[in-house]
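A.B. asks: Based on the sequences and whatever the hints tell you, model everything.
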Amino acid sequence: MAETEHMMAVRTRINELAAKAKTAEGLTEEEIAERAELRAEFLDNFRKSFRSQVEMLQVYDDDGNEVTPEKVKKIQREKGLRDN
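When we follow UniProt numbering, the leftmost residue of the sequence shown carries the number 1, and every step to the right adds one.
None of these hints come from the bench; they were simulated from the model. Only a predicted model underlies this, so the values are computations on that prediction, with no experimental measurement involved. All C-beta atoms, glycine included, are put in the ideal place defined by N, C-alpha and C. Among these hints, one or two may not hold up.
For each label pair, taking beta carbons as the anchor points, the in silico distance ranges come out as [claimed, not checked]:
id	residue 1	residue 2	range
1	Glu-31	Glu-66	47 to 55 Å
2	Phe-50	Glu-30	25 to 33 Å
3	Ala-19	Gln-53	27 to 35 Å
4	Lys-73	Ala-40	27 to 35 Å
5	Asp-63	Glu-31	52 to 60 Å
6	Lys-79	Met-8	21 to 29 Å
7	Pro-69	Asn-45	19 to 27 Å
8	Glu-30	Glu-5	18 to 26 Å
C.D. replies: Printed below as a string of structure tokens:
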């Protein structure tokens, strides 16, 4: 299963568990533990994806001058994404 498909399946299962939690039946102890694991996996993946997007970012002001934060530039240099 591709990573994107896997994360879609994780999100679907989290939503299923959320819907069940709202019913009178509620969640079993096993489902509560599963939900916690799935949420942690989802958040970890989200953070990694967001970090990757920020690290690829280049920021320019209205005059066309690059104003990318130095911290981001350093990370880009370390990853071989930037020459300067």
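A.B. asks: Taking the hints in turn, state whether each one holds.
C.D. replies: Evaluated hints:
Between Glu-31 and Glu-66, the C-beta spacing of about 49 Å keeps the proposed range 47 to 55 Å intact. Look at Phe-50 against Glu-30: about 30 Å separates their beta carbons, and that is inside 25 to 33 Å. Roughly 30 Å separates the CB atoms of Ala-19 and Gln-53, a value that falls within the hinted 27 to 35 Å. At about 31 Å, the beta-carbon gap between Lys-73 and Ala-40 stays in the expected band of 27 to 35 Å.
A hinted range of 52 to 60 Å holds for the C-beta pair Asp-63 and Glu-31, which are about 55 Å apart. At about 27 Å, the beta-carbon gap between Lys-79 and Met-8 stays in the expected band of 21 to 29 Å. Between Pro-69 and Asn-45 the beta carbon distance is about 24 Å. The supplied range of 19 to 27 Å therefore holds. Glu-30 and Glu-5 have their C-beta atoms about 24 Å apart, which keeps the hinted 18 to 26 Å range intact.
When held up to the earlier numbered hints, the structure conflicts with none and fits them all.
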